[in-house]
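*Asks:* Let chain A serve as the given structure and place chain B on it in line with the hints.
Same order as they appear, the protein sequences are chains A and B.
Start counting at 1 in the first sequence, then tack on 116, and there's your number in my numbering.
Start counting at 1 in the second sequence, then tack on 309, and there's your number in my numbering.
Keep in mind that a hint or two might mislead.
[As the list claims (entries may be wrong)] Where chain A lies over chain B, by a calculated footprint (3+ residues, C-beta under 8 Å):
hint, region
1, 374 to 382
2, 433 to 446
3, 484 to 490
4, 494 to 502
For the record, the hints were derived by calculation from the structure and aren't laboratory data.
Only a predicted model underlies this, so the values are computations on that prediction, with no experimental measurement involved.
A virtual CB, placed ideally from N, CA and C, is assigned to each residue, including glycine.
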Amino acid sequence: MNHVSYTPYHPRWHRTRVSTYWWLWRRSYFLFILRELSSLSVAWVVVYVLALVVRVSQGEAAYRAFLDWSSRPSVLALNVLSLAFLVLHAVTWFNLAPQAMVVHFRHRRVPGALIAASNYAGLAAVTAIILALLFVQW
Amino acid sequence: MVLDGLNYVKDRLDGTLSYRWSCRMGICGSCGMMVNGEPKLTCATFLADYAPGPVRVEPLRNFPVIRDLIVDLGDFMGKLVRVKPWIIRRSEKPLSEGEYLQTPEEMDEYKQFSMCINCMLCYAACPIYGLDPHFIGPAAIALAQRYNLDNRDEAADERMEILSEHDGIWGCTFVGECTRVCPKHVDPAGAIQRYKLQSALDWVKSVVMPRAGA
Chain A
117 MNHVSYTPYH
127 PRWHRTRVST
137 YWWLWRRSYF
147 LFILRELSSL
157 SVAWVVVYVL
167 ALVVRVSQGE
177 AAYRAFLDWS
187 SRPSVLALNV
197 LSLAFLVLHA
207 VTWFNLAPQA
217 MVVHFRHRRV
227 PGALIAASNY
237 AGLAAVTAII
247 LALLFVQW
Chain B
310 MVLDGLNYVK
320 DRLDGTLSYR
330 WSCRMGICGS
340 CGMMVNGEPK
350 LTCATFLADY
360 APGPVRVEPL
370 RNFPVIRDLI
380 VDLGDFMGKL
390 VRVKPWIIRR
400 SEKPLSEGEY
410 LQTPEEMDEY
420 KQFSMCINCM
430 LCYAACPIYG
440 LDPHFIGPAA
450 IALAQRYNLD
460 NRDEAADERM
470 EILSEHDGIW
480 GCTFVGECTR
490 VCPKHVDPAG
500 AIQRYKLQSA
510 LDWVKSVVMP
520 RAGA
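If we strip away everything but chain A, and leave its shape as in the complex, we get (with noise of 0.2 Å):
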């Protein structure tokens, strides 16, 4: 398992096995779990939205037979869940990306929460966006 030598004379030595339970008993580890998790939302969501594009390419009906189908309690609850998942995954990765991202402005750095905040700042702009598209009478 690891890159140790061992001599026909040298004890083995003690190695604890990872239980398969590793992340249930801290908190960060159990994020970090339901982080990791919450792209199984993203590529549920996904998909849904492509359903939701071919089903309105073929008309009407289908439309409507696509919306019957997202208002029953099961899909709903799925899609409800998913969007937890999904705020969870973007508010995770915006609070981490100053640790990614070093930015540097007239030789000096741009502090960590202007890097977050302008994150957020992008994420309220494009939902202005959405949002003005789809209520704004054009």
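*Replies:* Frame of chain A, contents of chain B only:
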């Protein structure tokens, strides 16, 4: 301190108890152990914080145990050498030209990563290393960054070749525990993510401008 407790046990109760320690001031990096399940420098961890106890002291997690609280360092030492943590020049300038100069700003670029004392607490905190011991690990990557960001060094490409392998930076899934437990505030997790970003940018550049730098 927890270390004083261990010394008390060794002096008064059980002389066979084995553990490593040296400086007692948080700089030698040899007294790292698990204290109530958390990787800690035992010389910098107050027993009073765990009062009234009991306090559970275990050998550093994720390493093979040689005896009592002593773990094998061989794996970490091997990985440390692999990332070439020293200044490499393509060609040394002659002595007559004087020393390699550096401004305070240039030093600040890497100083944080140079604070690492090789105590291996980050390896004990890293579940990825626990599950896959081939992962090169937080401290080794942070130290690679320390030399990459040093303006006197010219071997960032060499280190990238080693660290962009499967066992390198891409093994990390950013749990972030290494940064949390680091007694020297080195932020290994940040070092690794910066490396990933750099690696991705290098890849994009090589696709967009395949002949640049060739």
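*Asks:* With a cut-off of 8 Å between beta carbons, are at least three residues of the region 374 to 382 of chain B near chain A?
*Replies:* It holds: at least three residues are needed, and the region 374 to 382 of chain B offers 3 whose Cβ sits within less than 8 Å of chain A.
*Asks:* Verify the coverage statement for the region 433 to 446 of chain B against chain A, using a C-beta to C-beta distance below 8 Å and requiring 3 or more qualifying residues.
*Replies:* holds (count 4)
*Asks:* At a Cβ distance under 8 Å, does chain A reach at least three residues of the region 494 to 502 of chain B?
*Replies:* holds (count 4)
*Asks:* Using C-beta distances, would you say chain A covers the region 484 to 490 of chain B, given that this needs three or more residues below 8 Å?
*Replies:* holds (count 5)
Hint compliance for this structure: every hint is met.
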